[in-house]
Amino acid sequence: MPVDVRAPYRTRVRQALTDPALRTALDRATEHLAARRVRAMREIDEPRLRDAVRSVREYAVANLPQLLEELERNLIANGCQVHWARDAAEARETVLALAHRQQVRRVVKSKSMVSEEIGLNEALAEAGIRVVETDLGEFIVQLADEPPSHILAPVIHKRIEDISALFEQKLGTRPTDDPAELCATARQTLRNEFLDAEMGVSGCNFAIAETGTICLVTNEGNGRMVSSLSPIYVAIAGIEKVVRSPEDALLLWQAASRSATGQAVSVYMTMSSGPRRPGQADGPEEMHVILLDNGRTRILERGYEEALLCIRCGACLNACPVYREIGGHAYGDTPYNGPIGAVITPLLADDPKRARELPFASSLCGACREVCPAKIDLPKLLLDLRSELVRGGSSPRMESAALRAYAAATGHDRVYGWAIRAFRLFARILARGGESIARLPPPFNIWTRDRDFPKPAPRSFREIWRHREERTAGRGRRHE
Amino acid sequence: MSDGRADILGRLRLALGAREARLDRREAPRPAAVIDVPEGRRDPHALTARFGESLVALSGSYEVVRHADEVAERAAERITTWSAHDSREDDGDGRRRDPEILSWAPDQLTPPDLGPQLERAGITLVVPEELGHRDTRLRLASLRIGLTGVDAAIASTGSVLMAAGPGRSRVASLLPTHHLMIVAASHVYPTLEDWFQELRRGGLHAQRLRQPGQIIFVSGPSKSADIELNLTLGVHGPRTTHAIIYDDAER
Numbered sequence: 001m002p003v004d005v006r007a008p009y010r011t012r013v014r015q016a017l018t019d020p021a022l023r024t025a026l027d028r029a030t031e032h033l034a035a036r037r038v039r040a041m042r043e044i045d046e047p048r049l050r051d052a053v054r055s056v057r058e059y060a061v062a063n064l065p066q067l068l069e070e071l072e073r074n075l076i077a078n079g080c081q082v083h084w085a086r087d088a089a090e091a092r093e094t095v096l097a098l099a100h101r102q103q104v105r106r107v108v109k110s111k112s113m114v115s116e117e118i119g120l121n122e123a124l125a126e127a128g129i130r131v132v133e134t135d136l137g138e139f140i141v142q143l144a145d146e147p148p149s150h151i152l153a154p155v156i157h158k159r160i161e162d163i164s165a166l167f168e169q170k171l172g173t174r175p176t177d178d179p180a181e182l183c184a185t186a187r188q189t190l191r192n193e194f195l196d197a198e199m200g201v202s203g204c205n206f207a208i209a210e211t212g213t214i215c216l217v218t219n220e221g222n223g224r225m226v227s228s229l230s231p232i233y234v235a236i237a238g239i240e241k242v243v244r245s246p247e248d249a250l251l252l253w254q255a256a257s258r259s260a261t262g263q264a265v266s267v268y269m270t271m272s273s274g275p276r277r278p279g280q281a282d283g284p285e286e287m288h289v290i291l292l293d294n295g296r297t298r299i300l301e302r303g304y305e306e307a308l309l310c311i312r313c314g315a316c317l318n319a320c321p322v323y324r325e326i327g328g329h330a331y332g333d334t335p336y337n338g339p340i341g342a343v344i345t346p347l348l349a350d351d352p353k354r355a356r357e358l359p360f361a362s363s364l365c366g367a368c369r370e371v372c373p374a375k376i377d378l379p380k381l382l383l384d385l386r387s388e389l390v391r392g393g394s395s396p397r398m399e400s401a402a403l404r405a406y407a408a409a410t411g412h413d414r415v416y417g418w419a420i421r422a423f424r425l426f427a428r429i430l431a432r433g434g435e436s437i438a439r440l441p442p443p444f445n446i447w448t449r450d451r452d453f454p455k456p457a458p459r460s461f462r463e464i465w466r467h468r469e470e471r472t473a474g475r476g477r478r479h480e
Numbered sequence: 001m002s003d004g005r006a007d008i009l010g011r012l013r014l015a016l017g018a019r020e021a022r023l024d025r026r027e028a029p030r031p032a033a034v035i036d037v038p039e040g041r042r043d044p045h046a047l048t049a050r051f052g053e054s055l056v057a058l059s060g061s062y063e064v065v066r067h068a069d070e071v072a073e074r075a076a077e078r079i080t081t082w083s084a085h086d087s088r089e090d091d092g093d094g095r096r097r098d099p100e101i102l103s104w105a106p107d108q109l110t111p112p113d114l115g116p117q118l119e120r121a122g123i124t125l126v127v128p129e130e131l132g133h134r135d136t137r138l139r140l141a142s143l144r145i146g147l148t149g150v151d152a153a154i155a156s157t158g159s160v161l162m163a164a165g166p167g168r169s170r171v172a173s174l175l176p177t178h179h180l181m182i183v184a185a186s187h188v189y190p191t192l193e194d195w196f197q198e199l200r201r202g203g204l205h206a207q208r209l210r211q212p213g214q215i216i217f218v219s220g221p222s223k224s225a226d227i228e229l230n231l232t233l234g235v236h237g238p239r240t241t242h243a244i245i246y247d248d249a250e251r
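Going down the list, the protein sequences come from chains P and W. Take the first sequence: its position 322, counting from 1, is numbered 322 in my numbering, and each next residue is one higher. Take the second sequence: its position 47, counting from 1, is numbered 47 in my numbering, and each next residue is one higher.
Derived by calculation from the structure, the hints in this document are not laboratory data. No incorrect hints appear here.
Lysine to aspartate or glutamate pairs mimicking DMTMM-like chemistry, simulated, CA-CA at most 25 Å apart: (1) K353/P with E301/P; (2) K375/P with D24/W; (3) K170/P with E228/W.
Start from the sequences, fold in the hints, and give me the full structure.
Spelled out as structure tokens, the structure:
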């Protein structure tokens, strides 16, 4: 059954785990992308690249105010208009005001997590403005009226049959199992939208301060379309997207391409600095850049600045054993899922209670940290978040009580010794002469619902150690 | 929106200044290039070959001609082949029609007489003046073949760079199904970093990056793997990209 992103956490996870089609699709896609990343990184000096990416991003975030001012100055000098939005509402209002001023009735968008973050599509629709997603995967989920499930591969959860049925229903095309045919349908449909739209909206992969340039990384060409064909082009950039120089942008472009899909570079890198110049046949009459905060300063204020280093490559998603099982929708109504999403979704949210399960949706295995090109210590950030949540009273009472009991038992040598002996006796009884325990009594039965509990060894470690100490003391030597 | 601006910048300065932000403020060291192209492989001949190989790996194609005079002939051949193929697909008859192509202006193409030579071969170059009218846009979008030069080519990634400019429309490399690129061998650089370093050293980076309004790197045909990870070409941009590389003996 498909995952309902608005359902409670446990429901979402259960829905994901009991959907065989989703799990098959996730398996294939994450395995494929993870393997491609490994191959691409083997071709180059990966440690050196990661160090460089880390440095470039750290420098940018550490110098964020100055770089943002420089970016603004240069964008304006290039003929762009720059708008600052403290939150999602201000960003939406800015876009709506621009659309209203120019009587925009149709908007085309290239793939943009940030536009979903601010709920732009809904706001535009409410104002009677038609919005069309042009990234092939986003176009498909828009037709299906679903949110995307992966930062890079929005329809990772759909099979060809699903997409064919969807096109048949919504576009009146005949059923097919040929991806090229589906693609051609999308191309033609979207082509008309591109040519008629009055406004193009994109996100921003990198914003170069030194030259006032907005960089868009795409494989399909829709980034080019939205930034070139409409009279008005609006780029929405999270404030953390700024980088110092073109050299930095070229480095991050290559790092993101290799990490995300194993490509040396994406097919298109659109670097827009300003509107159409006199004498040029095409290009927007107006170019606007919206610099969006919406919780990013809060992330800095709360000490999670490392999370702002992210270049949105999605490598952590493909490495994460949790993501690979439950997919993106299980993380809830957020465009940011997977390990990085588990950190920034709760942080960007106004309400600390919202998405509070996400930092716990991890085994802390560290696979994400191993693949992150910016070397973000995601497990540490997850632990810090958990710690904050627990101290804020967010963990279940039973769990807190159990942990307090555990702390008490392990804090004193004698108490610990008795606890171990009692436990071992208890466990041997439960094992009933067998090799393992199939069912522990409540509340521990949740552990044995899905797995057996091992039988204790004939002697405890403490007993072995004590015996060993006595033997060596008896022989008058410290070591054997 | 100055309130928003002051607010955001103020909060950032406070947050970064208040505690020892655990980030490194220093200028970032970076590798000379992500992709290493060794000394022995940086001559024009090697770079041309590598560019071609890279492009092929991306599902593009290329050919190398020795002399600039051959470019027009090869370009005409490629255009008529594509045109005939498209006719066959559309109408099933493969009848030779005089192709019309979406193109940069002749004075922006190299070698300099490419435009006139193509016209003499019966190929019409459609050069957009403006895209303001819907009819114009639809007409331009109906042209299946695009012809452009390139500002630079990158051997290690199979990329070409095109900067917007008068007579150098963006749509010529974006709207058509087939994109024909004329590349001068002297414009092929080993890596992206090499290309930009030359600009920076010459103090040209501001002019070349900012002034055009938009510059674009294109590496092969438009792609998507969104549908069950199957690679499909020509999603929004061209499905076919072909480079004719000629030796202009400038370096």
